[in-house]
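Fit chain to chain and form the complex, with the hints in mind.
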Amino acid sequence: VLSIQVKCYHEIITIGYRVYHSYDLPWFRSLSWYFLLCVNYFFYGETVADYFVTFVQRREQLQFLIRYHRFISFALYLTGFCMFVLSLVKKHYRLQFYMFAWTHVTLLITVTQSHLVIQNLFEGMIWFLVPISSVICNDIAAYVFGFFFGRTPLIKLSPKKTWEGFIGGFFSTVVFGFIFSYFLAQHQYFVCPVEYNSETNRFVTECEPSELFQLKKYSMPPLFQAVLGWETVNMYPFQMHSIALSTFASLIGPFGGFFASGFKRAFKIKDFADTIPGHGGIMDRFDCQYLMATFVHVYITSFIRGPNPSKLLKQLLILQPEQQLSVYKTLKSHLIEKGVLQPSLR
Amino acid sequence: PTSDDTPEVLNRALSNLSSRWKNWWVRGILTLAMITFFFIIIYLGPMVLMTIVMCVQIKCFHEIITIGYNVYHSYDLPWFRTLSWYFLLCVNYFFYGETVTDYFFTLVQREEPLRILSKYHRFISFALYLTGFCMFVLSLVKKHYRLQFYMFGWTHVTLLIVVTQSHLIIHNLFEGMIWFIVPISCVICNDIMAYMFGFFFGRTPLIKLSPKKTWEGFIGGFFATVLFGLLLSYVMSGYRCFTCPVEFNNDTNSFTVDCEPSELFQLQEYNIPSVLQSVVGWKTVRMYPFQIHSIALSTFASLIGPFGGFFASGFKRAFKIKDFANTIPGHGGIMDRFDCQYLMATFVNVYIASFIRGPNPSKLIQQFLTLRPDQQLHIFNTLKAHLVDKGVL
Chain A
1 VLSIQVKCYH EIITIGYRVY HSYDLPWFRS LSWYFLLCVN YFFYGETVAD YFVTFVQRRE
61 QLQFLIRYHR FISFALYLTG FCMFVLSLVK KHYRLQFYMF AWTHVTLLIT VTQSHLVIQN
121 LFEGMIWFLV PISSVICNDI AAYVFGFFFG RTPLIKLSPK KTWEGFIGGF FSTVVFGFIF
181 SYFLAQHQYF VCPVEYNSET NRFVTECEPS ELFQLKKYSM PPLFQAVLGW ETVNMYPFQM
241 HSIALSTFAS LIGPFGGFFA SGFKRAFKIK DFADTIPGHG GIMDRFDCQY LMATFVHVYI
301 TSFIRGPNPS KLLKQLLILQ PEQQLSVYKT LKSHLIEKGV LQPSLR
Chain B
1 PTSDDTPEVL NRALSNLSSR WKNWWVRGIL TLAMITFFFI IIYLGPMVLM TIVMCVQIKC
61 FHEIITIGYN VYHSYDLPWF RTLSWYFLLC VNYFFYGETV TDYFFTLVQR EEPLRILSKY
121 HRFISFALYL TGFCMFVLSL VKKHYRLQFY MFGWTHVTLL IVVTQSHLII HNLFEGMIWF
181 IVPISCVICN DIMAYMFGFF FGRTPLIKLS PKKTWEGFIG GFFATVLFGL LLSYVMSGYR
241 CFTCPVEFNN DTNSFTVDCE PSELFQLQEY NIPSVLQSVV GWKTVRMYPF QIHSIALSTF
301 ASLIGPFGGF FASGFKRAFK IKDFANTIPG HGGIMDRFDC QYLMATFVNV YIASFIRGPN
361 PSKLIQQFLT LRPDQQLHIF NTLKAHLVDK GVL
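Residue numbers (this note's numbering), protein chains in the order written: chain A, 1 to 346; chain B, 1 to 393.
So that you can see chain B by itself, here it is in the shape it has in the complex (with noise of 0.2 Å):
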């Protein structure tokens, strides 16, 4: 059955099909116009997305939290929903300290007030923080301690997947756009492909949780996913404003993303291996090596993504609702959109980190600049002595 949210208007045009078909292009329509949407915002930049992005965490808090009230009846709790909102901007206020501090150093270091902020960001956050924990140990009523502390820890735990997450998304739109974009894209081309392998071949099925889902769409996904993947790839990976850091300018005072393409995002050669030869005819091939990264995304993006909203589904069933709310008609909430991009964010974060760059120089270099002078030369050497060594100096 459809959501009650359906829009009139999509009701009236739709009025004379089945009830099937009517759900299949509710679903259909909204899923072009989230696309689209998704496009859009991309269109309007880093700034935008970072907004955007905020604004879905909000919205999937939320959600979440309006979850637990109606699970445990407390709504009327005293004070808790202000305790919550205040734990999610100080959690927000940590998360982009350390973003804003660490990519518009030459902003802060110039305006004093911010200056100071930054310099003893932790101190205030924890400070804040303690604030609201004092506040919630002052708030405890007799007859309602453990509701008080069901509540509590709903909501670290809401926190600890909704805001740590977004900021990772953020992290990795940094890096470059293609970051953002393709494990995004690669979720949702898995949903849909999952879903259209399922809806003509699905037969058997994957797990008791989710009783729609089949092995056939499954892997039928996994292959579209990871074609998808290497063809997004190769044509995002020619434009510079996709490949390149986000970067803050101080003149111009926006962000630009202008670079030297890194070599990733440079053609190579690579060697067909001789059972694809024969098949493909083609001795060697031109692809960026960032293609080949796109694999390892795509594939963690249909066997593993899965599990996040296998987790989603066991979340609704053990406290009996239908979805996470009712914003998306057909669709659901917010969080049932995403349910599968927060295991994505932290994977793409991880990888990034571990296998693409290595620590930021521009930040090492403000590190350094706060040390002590004879800290400072003992690097200082160290670095000439190791350089001398490898023979670049």
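Next up, chain A with everything else stripped away, as it sits in the complex (with noise of 0.2 Å):
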């Protein structure tokens, strides 16, 4: 994944020097680096203090970078900020601030949803899995049903896209993305969230399936009942919920494509690059992922899980005693309250 991002990053920014004839702008080029590592920096240490708690907690010198973690990413961007004003030149002003503004809209593009893909992944291999496939597998659905039957144009930007390509594909991409989720779901290894163990210094995935991955009966409408014949059908949870990521993937992540194609056609480029013969650059292949990334994280936030009971616990580590004793007491009779404690007799 990031190499994916310094990949797509590395193709955006030499667009802008392409369109801007800046190739040869002072500075520029160390300066977009270092930007899109500040950036890079501050998000791994985010998500490296969330997963590798105990591996950080060990030694001195992490903790250290931990703590103060905010305050040094800033420093180092500050650092690049005033960097970009000592380099102001004159007679390229406007050229700088639109390079500049360039690596920062690219920064924002790229290096937040990968780290989005990456948060997903931790959730659980199949939040990583499925959302890909469903995009990947709409691009390929929508492209067959538009070469067999395709004939209303959907939008002016890509011509050779289709209405019947598009439902097509969306119907396509709902089933395949219910079966697959079927098949994955079986698997603990696609369906417990990624952890750090600290004693093997490895990776592992291996929990008690969630409810979302254990069978249930559902009782089928009564409209599907007379179709199929059948009462109630075992299924796991987690399909419904990719009935929904299958249908953003159809419908709204191909406005991500239509994007990028507007994109090319403004800065009159036919691909992004020419990594990948047949297909153009990475950014061509990835055009849809980005916003099915950040639709993911969104839903599985809002929907799935509840914050993160080992960051939760980091923080009240950090509080001062006298708020961890407050907050331990209001714990406690919340607990007691709940039937979860029991009051104890001392």
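It cannot be assumed that every hint is accurate.
[Stated by the list, open to error] Chain B stretches covered by chain A per the calculated footprint, using a threshold of three residues with CB under 8 Å from any CB of chain A:
id: 1; stretch: 131 to 145
id: 2; stretch: 150 to 157
id: 3; stretch: 312 to 325
id: 4; stretch: 343 to 356
id: 5; stretch: 374 to 385
In short, the hints are calculated from the structure, not lab data.
Owing to the predicted nature of the structure, the values given are computational and were not obtained by experimental measurement.
We put the beta carbon where it would ideally sit given N, CA and C, even for glycine.
And the structure:
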């Protein structure tokens, strides 16, 4: 994911250079890579702190870096900002500002979303595999339906897309997502959150599968009953969520593709780069994925999981002792009220 | 030359002065007017301050977007004005929603519609943003692709600068009005002091971008601002209304600033280093710990804050504009006054988060209550073991 992010960033920045004929601007290449490094440092620092809590606790230097992480990241960014201001050259002001803005927008698109992809991955590999596969399936299915049945054009931006392809792709992707989730949901390897085991110093994916991944009986609505002849069906609740993910991949994901098409027309380029023969650059393959990554992340935080318990614990442990004590008392009374904790006799 | 918007009243009063002194007087009077306005809104309290921050943010956004239109001659692009304001609304909705949930927790839990909006806040904000994104894609017109993408990029960078930082200012405000007033005052003081020192002693130019700035002004402004910060903090730390976090009181449905002042705002004895002892003659001095922090804030305001100003100067030269707008006579637009403030707001927020406060305990409790019972028990037991270990329990 990191390599793809770096490559996408490089492709978009290179386009910016060519558009503005600014390949010879002093400092600018170094500054662009420096900003990429800063933003990645910030995001990876936040991720590492969350998922590698025990690993970090053991090492003193890492502790210091984590505690003042935001300040250090901000200081690094500011250094880049000041270097930019000092690098402004009389005749090239406008170009330099354009490249500065271009860099920032590119960072916003590529880096934030690659980190959301990684966060989704840690939630469970199924949250990484199913969305990406749905987008790929939608691409292929829409192309195939368009090839065989396509007649009505969809949007002026992409003359090759058709309504038949769009709708056919939608239904195929929902069915595909449904079936694919069924198979993946059976394996702990895909379903469990990725955790870092401090003893073996490796990642493990082993757990009690959550409710989402346990077969449940669903009653079929009478409409389907008549068609299929079954009264109930055994499904994983996750398959319901996969319908939402596939729907997004088919209906909204293509807008990411249209955006990239518009971008290529605006800047009169055929492909983002020539990395993959016949397909163009890495960005060409990943343009639809970006919206998907953000959607999956927002979906997970809104509908699936609550806050991460270990992150909460970590924050509790850095409070002041008096605050910890008052929090402890509040929690204790709450748990006793709920009957989870038995009141102590002492 | 003075701006064309100088009010008639001032023009008549100053008509018999030479042009250079007239400019001085106009700037001076407006400076005093702005400072007075600043004091008035502080007096009026947190609610008014939040509203003012919001208005300043909207005006700055409008100014920068208008410059974009002028640069790209794209004032007639279909939809674009609507889309820019729509994105501004979306991002503000997202940020205000996060703030409201944090600080108005009990109010939100009581009202059913607010509770649902708050629970699915991120999803709703994302859906709103996506709608705007799709509208943008659908609005792309054949001959204007490049212009439309430029304006899209311009809008997003402007949002990044203007909206995120105005929300950081509001977060600082909620931490305690002193965290809002001292940084802003230090930047203003640095502006004025650097100008004064430059006017009287300035000889060595500082940077080609801003030919009027001098090293003498820069260094003089630095020392003056640190001193000013120390004095202002000393005066303000004595008052609860400035040092206490702003809280929303559910019973009275209004903001209150009442609390036990934290350690930062309690006088402590400090030993003066021997170097200064011989100079000043005292062995110890009573200071608020906050004053030490104010040195860090003033230093940032004087050394790094001006880079925000140079950035804005470079921007104005790049796009061949004299001022961001003509809102304030003699001073230009709102952005002209606030260009140095933006870096400051982010710095104060990062500073507070890193060095002053830990996470907010009530927010943690609120997150705790949404966990499953077995997770809650696990955390409770770990916390208990930790407290016993430390001897607190």
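To see whether the hints hold, each was checked on the structure:
no.: 1; hint: 131 to 145; verdict: holds (count 8)
no.: 2; hint: 150 to 157; verdict: holds (count 4)
no.: 3; hint: 312 to 325; verdict: holds (count 5)
no.: 4; hint: 343 to 356; verdict: holds (count 8)
no.: 5; hint: 374 to 385; verdict: holds (count 9)
Of the hints listed earlier, there is not a single one the structure fails to meet.
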